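Read top to bottom, the protein sequences are chains B and Y.
Under this note's numbering, the residues of the first sequence are numbered 1 to 137, in order.
Under this note's numbering, the residues of the second sequence are numbered 1 to 137, in order.
The reader is advised that the hints may include incorrect statements.
Intra- or inter-copy, both count: the list cannot distinguish identical chains.
[Said to hold, decoys possible] Cut-off 27 Å, straight-line C-alpha distance, at most; resulting in silico cross-link-like pairs (DSSO-like, lysine-lysine): (1) Lys28 to Lys135; (2) Lys135 to Lys7; (3) Lys28 to Lys7.
These aren't lab readings, by the way, just hints derived from the structure by calculation.
Just so it is clear, the structure is predicted and the values come from calculations on it, not from any experiment.
There are 2 protein chains.
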Amino acid sequence: MEAETFKSLESASLGDTLRLTEALDGLKYNADGLIPVIAQDAGSGEVLMLAWMNRGAIERTLEEGYACYWSRSRASYWRKGESSGHLQKLTAMRFDCDGDAILVKVDQSGPACHTNRPNCFYLEVDGDQVRVISKPR
Amino acid sequence: MEAETFKSLESASLGDTLRLTEALDGLKYNADGLIPVIAQDAGSGEVLMLAWMNRGAIERTLEEGYACYWSRSRASYWRKGESSGHLQKLTAMRFDCDGDAILVKVDQSGPACHTNRPNCFYLEVDGDQVRVISKPR
Chain B
1 MEAETFKSLE SASLGDTLRL TEALDGLKYN ADGLIPVIAQ DAGSGEVLML AWMNRGAIER
61 TLEEGYACYW SRSRASYWRK GESSGHLQKL TAMRFDCDGD AILVKVDQSG PACHTNRPNC
121 FYLEVDGDQV RVISKPR
Chain Y
1 MEAETFKSLE SASLGDTLRL TEALDGLKYN ADGLIPVIAQ DAGSGEVLML AWMNRGAIER
61 TLEEGYACYW SRSRASYWRK GESSGHLQKL TAMRFDCDGD AILVKVDQSG PACHTNRPNC
121 FYLEVDGDQV RVISKPR
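Next comes chain B alone, as it looks inside the complex (with noise of 0.2 Å):
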């Protein structure tokens, strides 16, 4: 049943709304209970990072608005920036189709990289190289 939830979006009308709580029972969680989330720059554009929530850790994002994701090396909820202050004002969140991943649109505090680039994704294929294409702010 809750399966269907996104299948039955599929065909839904611009504007048509579901329950948040209907939405969140439908979601497809990993066996470990994660979805993986991207983080959007809702300014630019620029995709930050990609990292994992748990249900507890979409609510708490919510309820807070502030991204919380939950760590999977630490097995713990890893509010973005509680430590570094570069925290994530969320903007907004959006479902993919098949409620399989989350969309984040948030205002960077500072840099998102733990590395203090700019974003995580800083390794750029180039022929048969890989060549880093940021540095640390």
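Given the coordinates of chain B, assemble chain Y onto it according to the supplied hints.
Just chain Y now, kept in the frame of chain B:
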């Protein structure tokens, strides 16, 4: 050893390179041999979709210049657009700091979503509702 590849790049300087094969060896594939891939429109910056690649799909994408994913539902390679014609011409491929996510910038032909919407993220949270924010072309 391979797990150290991306760790050692954290302190690399702008313009530093490593061999692509070494980077592909060092990526953190999940238990199914897959890594999440964000597809972003190279022109508009719009995030189009999230899909998955295994190493073979990464190599095909780079060799052929068009995004080729691994379909988890069909358990086969999935040349995006091979049936719909909605191909994704690769303009850049980037790896993230941890080597566990990929960003591809693409020129998208037609709608990216199988529902014929421009992108897959057409369900936006609005208070205690989720709203359909785009319609099929």
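Against the structure, the hints come out as follows:
1. Lys28 to Lys135: between (36 Å within a copy, 23 Å between copies)
2. Lys135 to Lys7: between (42 Å within a copy, 15 Å between copies)
3. Lys28 to Lys7: within (12 Å within a copy, 31 Å between copies)
Violated hints: none; the structure is consistent with every hint.
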